[in-house]
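Whenever a hint applies, use it, and build me the whole structure from the sequences.
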Amino acid sequence: MEIQSEGKMQVAIIPARLDMVTSKEAEAALAQAMEGDGGTILCDFSACDYISSSGLRVLLATAKEMKRRGGRLVLCGFKPYVHDVFDSAGFLPLFERFDSKEEAMTALSD
Amino acid sequence: MSMYTEAYAKKLMTPPKAVERIADGGTVVYGFGVAEPPALLTAIADRARADGFTSLKVYTYLPQKHARETVLSPDLSDCIQAYSWFVGPQDRSLVKVGLNYFVPNYFHQVPRFCSDFMEIDTTVTTVSPMDRAGYFSFGTSNDFTSTAARHCKRLIVEVNENMPRVFGDSLVHISEVDAVVENHVPLVEVPTPAPKAGADEIGKSVAELIPDGATIQLGIGALPDTIARYLTNHKDLGIHSELFVEGMVELIERGVVTGRLKNLHPRKHVFSVAQGTKRLYDFLNDNPSMESYPSSYAVDPDIIARNDNMIAVNAILEIDLLGQCNAEYLAGAQYSGTGGQLDYVRGAFKSKGGKSIHVFYSTAKGDEITRVVPRFSEGTIVTSPRMDTHIVATEYGVINLKGKSTRERALDIISIAHPKYRDDLLRQAEDMHLI
Numbered sequence: 860m861e862i863q864s865e866g867k868m869q870v871a872i873i874p875a876r877l878d879m880v881t882s883k884e885a886e887a888a889l890a891q892a893m894e895g896d897g898g899t900i901l902c903d904f905s906a907c908d909y910i911s912s913s914g915l916r917v918l919l920a921t922a923k924e925m926k927r928r929g930g931r932l933v934l935c936g937f938k939p940y941v942h943d944v945f946d947s948a949g950f951l952p953l954f955e956r957f958d959s960k961e962e963a964m965t966a967l968s969d
Numbered sequence: 007m008s009m010y011t012e013a014y015a016k017k018l019m020t021p022p023k024a025v026e027r028i029a030d031g032g033t034v035v036y037g038f039g040v041a042e043p044p045a046l047l048t049a050i051a052d053r054a055r056a057d058g059f060t061s062l063k064v065y066t067y068l069p070q071k072h073a074r075e076t077v078l079s080p081d082l083s084d085c086i087q088a089y090s091w092f093v094g095p096q097d098r099s100l101v102k103v104g105l106n107y108f109v110p111n112y113f114h115q116v117p118r119f120c121s122d123f124m125e126i127d128t129t130v131t132t133v134s135p136m137d138r139a140g141y142f143s144f145g146t147s148n149d150f151t152s153t154a155a156r157h158c159k160r161l162i163v164e165v166n167e168n169m170p171r172v173f174g175d176s177l178v179h180i181s182e183v184d185a186v187v188e189n190h191v192p193l194v195e196v197p198t199p200a201p202k203a204g205a206d207e208i209g210k211s212v213a214e215l216i217p218d219g220a221t222i223q224l225g226i227g228a229l230p231d232t233i234a235r236y237l238t239n240h241k242d243l244g245i246h247s248e249l250f251v252e253g254m255v256e257l258i259e260r261g262v263v264t265g266r267l268k269n270l271h272p273r274k275h276v277f278s279v280a281q282g283t284k285r286l287y288d289f290l291n292d293n294p295s296m297e298s299y300p301s302s303y304a305v306d307p308d309i310i311a312r313n314d315n316m317i318a319v320n321a322i323l324e325i326d327l328l329g330q331c332n333a334e335y336l337a338g339a340q341y342s343g344t345g346g347q348l349d350y351v352r353g354a355f356k357s358k359g360g361k362s363i364h365v366f367y368s369t370a371k372g373d374e375i376t377r378v379v380p381r382f383s384e385g386t387i388v389t390s391p392r393m394d395t396h397i398v399a400t401e402y403g404v405i406n407l408k409g410k411s412t413r414e415r416a417l418d419i420i421s422i423a424h425p426k427y428r429d430d431l432l433r434q435a436e437d438m439h440l441i
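Note that the protein sequences, when read in sequence, are chains G and E.
Residue numbers for the first sequence follow my numbering, so the first one is 860 and each next one is one higher.
Residue numbers for the second sequence follow my numbering, so the first one is 7 and each next one is one higher.
Heads up, some of the hints might be wrong.
To be verified - When the alpha-carbon atoms are kept at most 25 Å apart in a straight line, the in silico SDA-like pairs for lysine to any residue are as follows:
1. E:63 to E:340
2. E:102 to G:865
3. G:923 to E:29
4. E:17 to E:160
5. E:63 to E:141
6. E:102 to G:913
If you are wondering where the hints come from, they were derived from the structure by calculation, not from laboratory data.
Values in this document were obtained by computation on a predicted structure and should not be read as measured data.
Okay, here's the thing in structure tokens:
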């Protein structure tokens with residue numbers, strides 16, 4: 860999974876499928892991105908069509924670890940299916956979320 | 007102070023202190039339904055939120071609100087892995103997205119899962135207050151809870167004065183308990199949902215199939231409860247049921263249910279789980295006619311069959327033209343569970359003069375969807391195989407499938423579908439080489 864540095868922010872490009880196969884790689888990439896204290900990781904879901912429970916768990920664990928370190932994990936760019944999965948899982952209230960990457964970048968750079 | 011009250015006092019502690027003993031990485035079983043222990047489940051969730059668990063397995067069966075608000079809370083799904091023996095409204099969406107894992111079972115087998123196939127670290131459940139001999143009662147929840155309580159490393163009980171004291175094989179002694187907490191809150195109430203149009207037709211026709219002197223089992227839902235309302239002129243009925251429900255209280259109070267003619271446990275009303283309103287819980291309390299047993303006994307088909315004229319009534323979601331019944335799978339996902347349905351279907355048919363009756367509404371969503379289908383959609387779970395299906399009732403009639411050919415079965419099944427779907431079903435039956 861690709862991680863790009865944009866200013867002070869790390870942007871994780873979530874793959875088309877965040878599932879049991881890809882979530883381990885995503886977990887490792889996110890762990891690397893959050894080395895050190897604080898900071899913000901923005902997970903860009905605009906290319907993601909499918910997320911499984913493995914992907915959900917990786918995001919939850921990463922968000923908790925970020926919070927412990929005084930940082931934040933932010934999500935953006937949900938397609939309808941991904942939104943439905945987050946909704947069914949009761950995960951929507953657990954994450955800071957924006958409709959698009961642009962909207963997130965604007966809000967987070969304030 | 008007796009030796010039992012002394013032991014009680016020594017084991018009494020706060021919920022956070024009690025759950026400190028649960029091993030990280032361990033397996034927890036908690037009491038079914040009304041016996042969910044809110045203070046202990048809250049303490050487990052609080053410990054998980056304070057990073058007190060890196061992993062915990064929690065087993066659930068038709069969870070209620072206390073579980074949903076604590077151990078099934080989405081924010082804990084990275085450290086608490088929930089397993090579901092029976093899915094309900096509180097965990098349906100979690101099972102669908104794969105956060106909770108469904109465990110297929112017959113209800114009568116679940117106690118053996120607990121004793122032989124799981125290493126349970128801790129069992130937590132709500133019990134009634136201790137009596138003078140040092141016994142608590144499992145109250146509304148005997149099922150697998152009583153077995154899990156005796157096949158775990160530690161048993162923590164949450165004493166609630168509102169939990170009824172129930173007879174039968176429903177007691178646990180203070181000497182078997184590792185920790186006690188007290189929490190005297192009102193029990194969860196599970197009112198029966200309102201019946202839909204057509205329920206009265208089904209209730210009347212099914213009641214006519216039940217002879218005086220029969221022993222009955224009624225499943226969960228509005229339809230079985232409606233049937234109970236049409237039994238008020240019957241005589242000497244008995245109860246041997248996985249579930250004790252609101253409609254049964256009235257039948258006992260009116261003298262319709264006496265249990266006088268039962269072969270097994272005469273004059274006793276046998277169940278494994280109870281759920282309803284405060285009226286039902288008050289009725290159960292210290293009532294010597296009520297006996298609860300583990301599901302390994304009360305839901306065992308061989309035990310069920312020991313009462314003559316055993317009548318099992320269970321609701322299903324849909325039937326296909328082969329006579330297979332689906333009671334647990336909807337829209338591509340696990341909707342509920344097998345529960346004790348197939349156990350009672352088989353036990354009732356094995357009983358001398360017994361009958362198994364499946365009931366359902368012929369349509370859903372304002373007649374937009376037929377519940378009589380040619381074939382189940384791909385992946386659908388069969389709760390009752392076609393060889394087990396006996397009597398089936400909808401608002402359009404009652405049919406018997408036993409001893410019938412595949413042609414006769416298909417035609418009979420189509421005869422109880424909604425009329426607007428019958429021609430299409432006949433054509434599809436022809437395409438399937440059934441008629």
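Here is what the structure says about each hint:
1. A distance of roughly 20 Å separates the Cα atoms of residue 63 (chain E) and residue 340 (chain E); the hinted pair therefore holds under the 25 Å criterion.
2. For the suggested pair residue 102 (chain E) and residue 865 (chain G), the alpha carbons sit about 36 Å apart, so the restraint of at most 25 Å is broken.
3. Restraint check: the Cα-Cα separation between residue 923 (chain G) and residue 29 (chain E) comes to about 22 Å, which is no more than 25 Å; the hinted pair holds.
4. A distance of roughly 12 Å separates the Cα atoms of residue 17 (chain E) and residue 160 (chain E); the hinted pair therefore holds under the 25 Å criterion.
5. Distance hint between residue 63 (chain E) and residue 141 (chain E) is unfulfilled; the C-alpha atoms sit about 29 Å from each other, more than 25 Å.
6. Straight-line distance between C-alpha atoms of residue 102 (chain E) and residue 913 (chain G) comes to about 13 Å, which keeps the hinted pair within the 25 Å bound.
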